[in-house]
Amino acid sequence: MIDKTTSIDGALSAIRDGHRLMVGGFGGPGTPFTLLEGVLERGSGGLTLVKNDANEPRMGISRLLEAGRARTLIASHIGLNPVAVAMMQRGEIEVELHPQGILAEKIRAGGAGLLGFLTDIGLDTPLRENRHVIRVDGREAILERPLRADVTMIHAAIADTAGNLIFAKSGRNFCPLMATAADTVIVEAEEVVPAGTLDPDRIHLPGAFVDHVVALAKLTPEYGVLPQHVL
Amino acid sequence: MSSKEKIAARAAREIRSGQIINLGIGIPTLILDYLPQEIEVLVQSENGILGIGPRCRNGTEDRNLIDAGANYVTLAPGASFFDSALSFALIRGGRVDISFLGTLEVSAAGDLANWIIPGKMTPGIGGGMELAQKARRVIVTTAHTTREGAPKILTRCTLPLTAPACVKTIITELAVIDDHGRAGTARVGRRG
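Protein sequence lines, in the order shown, are assigned to chains A and B.
Numbers 1 to 231, taken from the numbering used here, label the letters of the first sequence in order.
Numbers 1001 to 1192, taken from the numbering used here, label the letters of the second sequence in order.
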């Protein structure tokens, strides 16, 4: 049977300078912290990162931003990361912000082989300024283009060796969408089981979208409960 | 009761059993504390949850279970998880009965401006624009004025809009203002 498990170095060898990387996660859950640390260690630069948010200072993609490895960030809301906001304001990174569900849908369209979709979200706001507005059935609509990446990196709770994935709770978020929308898809998983042992009815993402599975040897503190968000 | 608690308590009275609601950051997150137990709602969170409960206390936090504001939350009976595209199909598809949002400014015509202060506050849009435009009812919960005493309820918004003519009801510590289904013809309701 196909075995997609590999070392972290083997998986990350697909990443080149200047690549566009999609990174799963909404805040912490779903963020592939270990793969991101690997990208930092490999020294890749000039990257374009696509993530819902910018994590928080010294965590996740913020480590790549702070190290000057990213030129552009495509996101929805970066309010929990004052370091990223400051870098944006100083012009050190270019930030492209989208309504959250529009970002998700652009990725979904990219993964589903669509050339775009039409929406009225933001039509009467400043967002309109940089968008392609067309008339359809007598009303205005924004033509949103699909979004794809060279490499997607996501975190899963359980993977089988064929790449079938199960996510945990709020850790699902953008992960299955991003896995459909890149040339190479790398998954880090907390548990890797033999192909054929997961109940097909419980699989959230079929392994057909996954190229590499990296088993996590340990979960570093950023995967845990973050004290700054505890009451 | 602080004025924030007073606003949240009054906002809770707008919720009916069986509704799907979304709570924005700030005052809206306090609303569940004032919801009578017999009222069953499903609280949607943009990051892919329908049916979040109150915030976790006393070490019950689950590292995989946060709301869209990064708070550790509990689950209510009947909760479900899904991806971000489906989460926004719920919102844009009109399944959210009430979106409670905080604001920087709101106008007589129901225009909402709560996402950007050019040059000062530019964290991004998040789910606010889609909620404002597509929830069946948008209720703004806000202090009546800014900390400096400047009005937040204006004839016209001065900040860039989140969405035009979307706000049906404004709840402040001083008043409940409702358009009774006719934008721009707000009436001031009874206090409390």
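Please note: incorrect hints may appear among the correct ones.
Claimed, not checked - Covered by chain A, according to a simulated footprint, are these stretches of chain B (three or more residues, beta-carbon under 8 Å):
1. 1029-1036
2. 1054-1068
3. 1072-1083
4. 1139-1148
5. 1167-1175
As the list claims (entries may be wrong) - Here are the computed distance ranges between Cβ atoms for each label pair:
6. B:1033 - A:219: 30 to 40 Å
7. A:116 - B:1137: 29 to 39 Å
8. A:58 - B:1018: 35 to 45 Å
9. A:6 - B:1013: 37 to 47 Å
10. B:1039 - A:10: 48 to 58 Å
Treat the hints as calculated values from the structure; they're not laboratory data.
Note that beta-carbon positions come from the ideal geometry of N, C-alpha and C, so glycine has one too.
Hints and how they fare:
{"no.": "1", "hint": "1029-1036", "in the structure": "violated (count 0)"}
{"no.": "2", "hint": "1054-1068", "in the structure": "holds (count 11)"}
{"no.": "3", "hint": "1072-1083", "in the structure": "holds (count 4)"}
{"no.": "4", "hint": "1139-1148", "in the structure": "violated (count 0)"}
{"no.": "5", "hint": "1167-1175", "in the structure": "violated (count 0)"}
{"no.": "6", "hint": "B:1033 - A:219: 30 to 40 Å", "in the structure": "holds, 33 Å"}
{"no.": "7", "hint": "A:116 - B:1137: 29 to 39 Å", "in the structure": "holds, 31 Å"}
{"no.": "8", "hint": "A:58 - B:1018: 35 to 45 Å", "in the structure": "holds, 44 Å"}
{"no.": "9", "hint": "A:6 - B:1013: 37 to 47 Å", "in the structure": "violated, 56 Å"}
{"no.": "10", "hint": "B:1039 - A:10: 48 to 58 Å", "in the structure": "holds, 54 Å"}
Of the numbered hints listed earlier, those contradicted by the structure are 1, 4, 5, 9.
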